[in-house]
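Number of protein chains: 2
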Amino acid sequence: MPVGTLGTVKSMSPDELKNDTQAQIILGNTYHLYLRPGDQLIKKAGGLHGFINWDRPILTDSGGFQVMSLAGLRKITREGVRFQSHIDGSYHMFTPEKVIEIENNLGADIIMSFDECPPFPATRDYVAKSLKMTLEWAKRGKNAHHNTEKQALFGIIQGGIYEDLRKESAEALMDMDFPGYSIGGLAVGEPKEDMFRLTEFLNPILPANKPRYLMGVGTPGDLLVNIRNGVDMFDCVMPTRNARKGSIFTRNGKMIIKAARYKEDFRPIDEECTCYACRNFSRAYIRHLIGMQEILGMRLTTIHSLHFYLELSQLARQAIIDDRYEEFFHKYYPLVDQIME
Amino acid sequence: MPVGTLGTVKSMSPDELKNDTQAQIILGNTYHLYLRPGDQLIKKAGGLHGFINWDRPILTDSGGFQVMSLAGLRKITREGVRFQSHIDGSYHMFTPEKVIEIENNLGADIIMSFDECPPFPATRDYVAKSLKMTLEWAKRGKNAHHNTEKQALFGIIQGGIYEDLRKESAEALMDMDFPGYSIGGLAVGEPKEDMFRLTEFLNPILPANKPRYLMGVGTPGDLLVNIRNGVDMFDCVMPTRNARKGSIFTRNGKMIIKAARYKEDFRPIDEECTCYACRNFSRAYIRHLIGMQEILGMRLTTIHSLHFYLELSQLARQAIIDDRYEEFFHKYYPLVDQIME
Chain Z
1 MPVGTLGTVK
11 SMSPDELKND
21 TQAQIILGNT
31 YHLYLRPGDQ
41 LIKKAGGLHG
51 FINWDRPILT
61 DSGGFQVMSL
71 AGLRKITREG
81 VRFQSHIDGS
91 YHMFTPEKVI
101 EIENNLGADI
111 IMSFDECPPF
121 PATRDYVAKS
131 LKMTLEWAKR
141 GKNAHHNTEK
151 QALFGIIQGG
161 IYEDLRKESA
171 EALMDMDFPG
181 YSIGGLAVGE
191 PKEDMFRLTE
201 FLNPILPANK
211 PRYLMGVGTP
221 GDLLVNIRNG
231 VDMFDCVMPT
241 RNARKGSIFT
251 RNGKMIIKAA
261 RYKEDFRPID
271 EECTCYACRN
281 FSRAYIRHLI
291 GMQEILGMRL
301 TTIHSLHFYL
311 ELSQLARQAI
321 IDDRYEEFFH
331 KYYPLVDQIM
341 E
Chain P
1 MPVGTLGTVK
11 SMSPDELKND
21 TQAQIILGNT
31 YHLYLRPGDQ
41 LIKKAGGLHG
51 FINWDRPILT
61 DSGGFQVMSL
71 AGLRKITREG
81 VRFQSHIDGS
91 YHMFTPEKVI
101 EIENNLGADI
111 IMSFDECPPF
121 PATRDYVAKS
131 LKMTLEWAKR
141 GKNAHHNTEK
151 QALFGIIQGG
161 IYEDLRKESA
171 EALMDMDFPG
181 YSIGGLAVGE
191 PKEDMFRLTE
201 FLNPILPANK
211 PRYLMGVGTP
221 GDLLVNIRNG
231 VDMFDCVMPT
241 RNARKGSIFT
251 RNGKMIIKAA
261 RYKEDFRPID
271 EECTCYACRN
281 FSRAYIRHLI
291 GMQEILGMRL
301 TTIHSLHFYL
311 ELSQLARQAI
321 IDDRYEEFFH
331 KYYPLVDQIM
341 E
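Respectively, the protein sequence lines represent chains Z and P. Mind the numbering: the first sequence is residues 1 to 341 in our numbering, read in order. Mind the numbering: the second sequence is residues 1 to 341 in our numbering, read in order.
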């Protein structure tokens, strides 16, 4: 899922997302949209779909990750989290019920339970206590959510890097019977081996017939490993954020377009790619645009990187259907995260 | 002509320029492209058309205006102008011959003679001497230009706010028989009445069968007055630069989209407009995007403003053809430069 934090996947139009990157679903951030422009305004505009003119699915997160990032500006109690806006210091309170109310106003197709997302590192004791609270919050959110026909509420599995806590979390949420399960609290600074170990650990525990969403992940290689571990959905700002700075994801690794060797390179980013950027523009031109901080440069690198991520996901899906995922994995995994020479 | 200083009309793709704004020709800046990425690189890429993937006409200016803006970093002699780059302080020399060589490398369809563009205010004596030099430079540039089949070289009329000097300049250039004539040295700080007075003054002097290009102008109202005074071509950064800051040009005046009254205004910028922004997005959404400095906001305001400018030009052209320009002028002139309430 391309990330559209503030109601726009940065630099993209909805038409480009659909036609040039083949995006099927995008993500919006509950915390950010609540603060600006506000969920009440978005509700009046016909929900996020109407406000941003996007007629395909949208997922909104819970705000738990953003609130965790406000360390020093927030106080957590069993009732919820009282925090100060990172914009103007104003005070706000997120409870599980309040977050569902906001997400109902935003009107996304898939919404998240409010959770506490413990930092890394955190002691086992802290994570265990946090988890109990997050499970209570999941139940409270589920009770508060009535628009179940139009908005699928996922529970978020927490438990840090501790397998027994992850198992406890997953099973408790499965008892509550959510239509999908998110894996939160990873990609927050822990070693990658821990992330991979935990998605592999959760794979046989989670039900096969419901989607699993790994939040905030990751590089193309991260996707490939976690898909092998049973994950169905991802979101990450990397393809868009890195692209705007000139780090472009390709099937042969990351291209640092500012490198001098691309100065007079009149080939497209990827000669085999069919995206708008590769069909029309050279590395030399895109290098010039990125060097000049021109918006068109950011647009072209974003189009290519999203196109690549979504094509890679599509190829992975087809490989699973064809029962040849391991072969696919071993072809792409060594390539995609390297730096292109 | 939308302005594409560094080889991109800021925030736009070539396809948007063609399909969404109906741009027929764009402008590139010789001074900026010479410094970055360099005319030699652009020549290797197949000229500016190939480098930026634009298959419609391009006009390049002479660099005279930019060099004038380097006050303190440049020294003018009859030979040419020695100046320091505004980027890195490196030394460069523009002569009339060098500028033609650069413009030949860039390969635009319409190119400009190198000129000295006197500031405003300037004494009559200074302007008269400067004009003599610019006329010499025009002749030297014309002699240096050989690619006359593919690139039309215009002479630039100078002469400040002095009618007799303007006449002298125009007639001397007409004697050299250029395929078109540019009016330079206006919109540099003089009162608008002076600009209008001088284009009206030049109207009967210039030949009816050759295009007249007023450089660096202006607001929609400026266009309408100067079209009445016989001008055929304009370039200005206003529609694009102002749009990126949220000041949008419409047929009913300038819309300052950040104004609080647009916060919950779910109408398009202009309900009668057919541009991509107006067909798909609300004032409230665009206001949000511009407030958040989101690229999509700048893109949408730019599309609308360029669409409006180019539609206004098209309407003016049709009104001339239909012999009802005065009626057209009196309908639009009172509206277009006001601030929308």
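Simulated from the structure, these hints should not be mistaken for lab results. Treat the hints with care, as some may be off.
As the list claims (entries may be wrong) - Partial chain Z-side listing against chain P, Cβ under 10 Å, derived:
1. 14
2. 51
3. 133
4. 136
5. 143
6. 291
7. 321
Said to hold, decoys possible - Derived Cβ-Cβ restraints for the label pairs, each shown as a range:
8. Z:314 - P:24: 52 to 62 Å
9. P:263 - Z:79: 27 to 37 Å
10. Z:266 - P:314: 54 to 64 Å
11. P:24 - Z:74: 49 to 59 Å
12. P:338 - Z:44: 56 to 66 Å
13. P:150 - Z:44: 30 to 40 Å
14. Z:266 - P:84: 23 to 33 Å
15. P:338 - Z:19: 50 to 60 Å
16. Z:19 - P:85: 57 to 67 Å
All C-beta atoms, glycine included, are put in the ideal place defined by N, C-alpha and C.
Results for each hint:
1. Interface hint at residue 14 (chain Z): satisfied, since its Cβ lies 7 Å from the closest Cβ of chain P, which is below the 10 Å cut-off.
2. Satisfaction of the interface hint for residue 51 (chain Z) is found here, the shortest Cβ-Cβ separation to chain P being roughly 6 Å, below the 10 Å cut-off.
3. The closest approach between the C-beta of residue 133 (chain Z) and any C-beta of chain P is roughly 32 Å, which is over the 10 Å cut-off, so the hint fails.
4. Interface hint at residue 136 (chain Z): violated, since its Cβ lies 34 Å from the closest Cβ of chain P, which is beyond the 10 Å cut-off.
5. At its closest, the beta carbon of residue 143 (chain Z) sits 32 Å from a beta carbon of chain P; the interface hint therefore is violated under the 10 Å criterion.
6. Hint status for residue 291 (chain Z): holds, given a least beta-carbon distance of 7 Å to chain P, under 10 Å.
7. With its C-beta approaching chain P no nearer than about 34 Å, residue 321 (chain Z) sits outside the 10 Å limit, and its interface hint is violated.
8. At roughly 39 Å, the beta carbons of residue 314 (chain Z) and residue 24 (chain P) sit outside the given window of 52 to 62 Å.
9. The beta-carbon spacing between residue 263 (chain P) and residue 79 (chain Z), approximately 32 Å, falls within the hinted interval of 27 to 37 Å.
10. Under the hint 54 to 64 Å, the C-beta atoms of residue 266 (chain Z) and residue 314 (chain P), about 35 Å apart, miss the expected range.
11. Taking 49 to 59 Å as the suggested C-beta distance range, the pair residue 24 (chain P) and residue 74 (chain Z) conforms, at roughly 55 Å.
12. Against the hinted window of 56 to 66 Å, the Cβ-Cβ separation of residue 338 (chain P) and residue 44 (chain Z) comes to about 29 Å, which falls outside the hint.
13. At roughly 56 Å, the beta carbons of residue 150 (chain P) and residue 44 (chain Z) sit outside the given window of 30 to 40 Å.
14. In this structure the supplied range 23 to 33 Å holds for residue 266 (chain Z) paired with residue 84 (chain P), their Cβ-Cβ distance being about 31 Å.
15. Under the hint 50 to 60 Å, the C-beta atoms of residue 338 (chain P) and residue 19 (chain Z), about 38 Å apart, miss the expected range.
16. Under the hint 57 to 67 Å, the C-beta atoms of residue 19 (chain Z) and residue 85 (chain P), about 41 Å apart, miss the expected range.
Violation of the numbered hints given earlier is confined to hints 3, 4, 5, 7, 8, 10, 12, 13, 15 and 16; the remaining hints are satisfied by the structure.
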